[in-house]
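Undergrad: Here is how the chains run, residue by residue.
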Amino acid sequence: MRNTLLTVAALLGLALAWPGVRGIGPVPPLGQLLDPVNGAWGAARDDRNDRLEIRIPSLSAPVDVWYDRRDVPHIFASTEADAIRALGWVVARDRLFQMEAQWRAASGRLTEWAGTIALPSDQEMRRLGLPASAEEQDKALNTESRQRLILDAYADGVNAWIDRMRPSEWPLEYRLLGVRPARWSAINTMHLFARMGWTLAFGSSTERTRVEVAALVGDSAATALFPVHTPIVEPIQPNGQTAPRFEFTRLPPPGSPNGTARVVAGMLPDPPADDDGVRRSFASNNWAVAPGRTAAGKALLAGDPHLDMSLPSLWYEVHLVVPGVLDVYGVTIPGAPAVVIGFTRNVAWSFTNTGADVLDLYAESVDNDSNPRRYLVDGEWRELRVRTENYLGKRGETVGVDTLRFTHRGPLSRDGNGRWLSMRWTVLQPELSQTVFLDAARASNAREFLDSMAVGFGAPAQNMIVADTQGSIAIRSTGHFPIRPVWTVGSAIQDGTRSANDWEGYWPLDRYPQAFNPPQGFLASANQEPLDPKENAYLGIDTDFDPWRALRINRLLRADSAVTPETMVRWQTDPGSERANAFVPWFLNAATVVKRRGQASATLDSAMAQLTVWDRRYVPDDEHAVLFEAAMRQVTSRTWDELLAESGRRVATPSSATLLGLMHDSASVWWDDRRTTDIVEDRDAILSAALVAAHDSLVRRYGARSAGGWRWGTVGATRIMHLLGIPAFSEERIAVQGGPATLNPSSVGGHGPSWRMVVELGDSVRAWGTYPGGQSGNPASARYKDRIPLWREGRLDTLFAPRDTNGLAATLRVRLMPPKVSRQ
Amino acid sequence: MIGILLGVTGILLGTWLGFPTLAPVLVGLAMGVTVPMAARRAALAGVIAWGGVLLAATLRGDNIAGVSRTLGGAMGVPSWLLLIVTLLYPAILAASAAWLASLAARRFSPWSGGHATLSRGLPPT
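Just so you know, the protein sequences line up as chains A and B, in that order.
Residue 1 is where the first sequence starts when you use this note's numbering, and the numbers rise one by one after that.
Residue 825 is where the second sequence starts when you use this note's numbering, and the numbers rise one by one after that.
The set of hints was computed from the structure by calculation and includes no laboratory data.
Source: prediction; values computed, not measured.
The reader is advised that the hints may include incorrect statements.
To be verified - Quick list of simulated restraints, FRET-style, between CB atoms:
| hint | chain 1 | residue 1 | chain 2 | residue 2 | range |
| --- | --- | --- | --- | --- | --- |
| 1 | B | L905 | A | S58 | 26 to 32 Å |
| 2 | B | L905 | A | R674 | 56 to 62 Å |
| 3 | B | F932 | A | R180 | 36 to 42 Å |
| 4 | A | D451 | B | A880 | 57 to 63 Å |
| 5 | B | G900 | A | I117 | 17 to 23 Å |
C-beta: ideal position from N, C-alpha, C; glycine also.
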């Protein structure tokens, strides 16, 4: 009996070999995972206190890579191509999984890792035509071109690391997914940039917003609620004003629903989940101060691109030196063969997203609704370009097939109503030079930098700010801005049967929003409208341009004529809010009016008292900001009830600037909450009711304020998630200084300043920076998220950019060597 | 003792060659037909082999505790459990294989006593 039991146990034990080799469901192969020699335990190894000599096959000469105490690799090479090979090597060494995850996501090949669960994400990428565009760009690249040389050099460096890597050095995530690292191809870089374009310039919401809103409240109201220009005017290109201009107009009442729009609205994607008209993602800041307004008489530049914050970080810090050719320090995106944001001995630069409308939809007529092969243009049928997409699973099996169709404008898609829309989008036009950042890094002054960027940078359009050691500051919104026929509106769906509706080209350079050494002595961009509406140019619609941070930066800059680097660093986490400054007085006024009407309550008194004493600063210890934010959500919900679809979902939210304009019309019919049929609310009724409701909801959710649950550092805490969303690899509940529409809006969760940098440009260049993460992509490494505390506190590290290895206290010295020459 | 040492060596070699699951199984099978009390000894060899590697890594300064915490967190298990499972994995495979092999050896061997007889130094009957 005992033997029988033991035998059964032994059989069961031996059965462990199956999950050990193949894995079960989401559980990776246990043997490979737990293997102490070649498995996940290898992530415990730390070989940084060492000297290494590595051979890279395509290297032409030795390259020294010295890591400093912050784990930043300083690459000293004798040719640009060798420097890029070394860049590929160092980035792969620290961020290989991230690189592969990003190119797979961009190229729609995540199913090969995760199976059908990733199919929707892959389908989205492929149906947008992003991988197809990257492939076209790859094919079009001349094999002898400098771009090809650089892309191949980068791939050589990445693959040199992959080829040398022992299984124990595979990033942990590969073990957990049960997959092997794939080799790197030059096209992966193109996928990566295409994905960046999707992140920053996928603006189909413009058309969706107008159409869906018109379906509910008519065209006139839709146009007024979502104006082309923002009513708060503080443009990127200075307009000579010494203060922001407010151009509020009275909103027309809601009109009759537009039936046609109702049909079209059904075919558009869901809107983002913003609920109070404040853009939450991809907001960025940059500003520059001319020597005349700085304490030291040297130009200053600050930049902090706000993007998805993730672990590993989006950015990787690096220094590239090729004597006489290149000396650039900053951050690269793993997978990109260049420093994207940074500084040289001559210039420093940073970007914010322009947010221009660079995507248009066209309603197409096709020959066969169920299986179209041709589409109608100017009365003639044109052949659709057809492309079959195969989605492969983990073991190479087909898990999905798509037939994609393209018009001359771009990808064609369809909804259940049988309507076909094609999409023209600048991101799909393969006109980004892969060497544009390297070329621009050779600039000797600000103008050269911007001109160089303008040659090779098409999308996504960026507000590029630059300062130089000669004391110049400049900004230019660079990218392709479509020239549309005068009779078309970029925010509407066009008739695709007329070629006359097509774009006529792109804006010439002199039309770009730009400024060089303006008399005001400073420049700032924070995703506000680039041009003064008086310029009468169409770049997008109001809701894509957020005015609040720009108002704040400009206020700070105007008030200080002796700016220092320390001031710039402090401003990057300035807790003040122009949005709160604009709205709080309206709440207080409303409470007073309602009390005068005899409708006072203890809750209203309490809420009013709290807003009265609030200094309108989002600091971690503050206990009032949470009330204001809740009240703003309540106002938004109660005011824009006209925009609720039958499902109860609000189809779009007008910008907070539009809401502020409505404040000036206390009796507008928009204030009335139609869901309360017995009364007609005015502005003050809505504001005070919102305040009371906000207070009540906070008490319900967090308890009384005296209990301490309203602390902004708790309620507004942010998080930085791992790329796979694994909590153990993430950092959560980070109390930050800043809130919605402040210069540090990271508290809203998941997005925020992904790289903060301040540079002083004088006889020498001094710089400071940090990002929320760490150089290592290994979650078990001490360098994985070691920078988060500094970032949270709003402090920056000094960035050390030596001209050579002298004086560089290296923690690891790597010499990358060309292959040995065999003796014949 | 020699049997255990050979078992440890075999498991380490196989693991190093990239066969972390096959190595304990093969070593267990081999021990099952050649070593008395094979299951226990094979289990011990598995624990010593993989545990030794982890111990050596710890002594070298590798952050084994950190990986245990991180990986355990990712898999939703306590960090100590991951260590235990790592030690048990080769042990269970080797012991199971050894037990089955010894059973088979007794059943199919032309010598009635199998390795037990051999171990006593008696001639097969």
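Undergrad: 57 to 63 Å was suggested as the range; check whether the CB atoms of D451(A) and A880(B) agree with it.
TA: 58 Å, holds
Undergrad: Per the hint of 26 to 32 Å, is the separation of the Cβ atoms of L905(B) and S58(A) within bounds?
TA: 46 Å, violated
Undergrad: Taking the Cβ atom of F932(B) and the Cβ atom of R180(A), is their distance within the range 36 to 42 Å?
TA: 40 Å, holds
Undergrad: CB of G900(B) to CB of I117(A), is that within 17 to 23 Å?
TA: 18 Å, holds
Undergrad: Looking only at beta-carbon atoms, does the pair L905(B), R674(A) fall within the given range of 56 to 62 Å?
TA: 57 Å, holds
Comparing the model with each earlier hint shows a violation of hint 1 alone; every other hint is respected.
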